[in-house]
Amino acid sequence: MAGSEYQDEKIKVRLSGPPGSELLIKVDDKEIVLRS
Amino acid sequence: MVLSIIKPLGLHSEVQVSLDVAADTTLAISYKPPDGIIHLFDDITWENTELDVFEIQAVRQIDVSPHKVMINESLISRHPFFSRPARISRDSPFSFTLKNMDKHVTRHLEITIWIWIRDKAEMDQIVKAGEVEIREYARR
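Residue numbers (this note's numbering), protein chains in the order written: chain P, 1 to 36; chain L, 1 to 140.
Worth flagging that the hints you see were computed from the coordinates, not collected in a lab.
Hints should not be assumed to be uniformly reliable.
In silico DSBU-like links for lysine-lysine, alpha-carbon gap of 30 Å or less [claimed, not checked]:
id	chain 1	residue 1	chain 2	residue 2
1	L	Lys103	P	Lys10
2	P	Lys12	L	Lys103
3	P	Lys12	L	Lys99
4	L	Lys103	P	Lys26
5	P	Lys26	P	Lys10
6	P	Lys30	L	Lys103
Please model the complete structure; the sequences and the hints are all you need to start from.
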């Protein structure tokens with residue numbers, strides 16, 4: 001399982017999953033893409 | 001790490017998402033599997049002692065598959081949408097919204113999306129993409 005992390009004032013998020021997985025998160029007008 | 005595959009069918013994996021969400025914040029979340037892979041969504045579970053502070057809603061009506069799975073009972077009562085197993089692909093991601101209803105405090109939530117890997121060809125694609133932990137599915 002691979003993983004990645006993102007953090008700002010609204011959210012801290014960590015993703016782990018099969019390599020190549022993506023998590024798209026929208027907060028307000030901002031889009032965040034995490035790739036494992 | 002290359003894993004030996006004892007049974008080509010019925011393997012499962014999981015996607016784990018760990019979140020600290022600021023007070024009164026809404027997130028839209030979409031999970032996409034690796035390119036060329038179609039997962040069969042099995043279940044989604046939440047680890048949080050204060051789950052009630054989160055409001056969780058479906059964004060997309062996901063397809064129903066013939067597979068019968070056992071679903072976390074508290075999840076059924078809270079979010080019946082998620083009791084439907086479905087195919088997840090890059091064109092058809094698994095999506096939902098989540099809001100921290102607390103007006104003052106950042107809250108933590110751990111989400112696990114349980115996914116089926118349907119056959120050996122699909123498994124081979126994942127293993128080729130890199131190291132991956134795959135465990136034989138154990139019925140719950």
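Pair hint Lys12 (chain P) and Lys103 (chain L), alpha-carbon separation not exceeding 30 Å: Holds, because 17 Å separates the two Cα atoms, which is no more than 30 Å.
Restraint status (C-alpha distance of Lys103 (chain L) to Lys26 (chain P) at most 30 Å): 19 Å, holds
Agreement of Lys12 (chain P) and Lys99 (chain L) with the hint, judged by alpha carbon distance not exceeding 30 Å: It holds: about 14 Å lies between the C-alpha atoms, which stays within 30 Å.
Satisfaction of hint between Lys10 (chain P) and Lys26 (chain P), Cα-Cα up to 30 Å: Within the cut-off at roughly 11 Å; holds.
Pair hint Lys103 (chain L) and Lys10 (chain P), alpha-carbon separation not exceeding 30 Å: With a Cα-Cα distance of about 13 Å, the restraint between Lys103 (chain L) and Lys10 (chain P) holds, given a limit of 30 Å.
30 Å Cα cutoff - pair Lys30 (chain P), Lys103 (chain L): 21 Å, holds
Of the hints listed earlier, there is not a single one the structure fails to meet.
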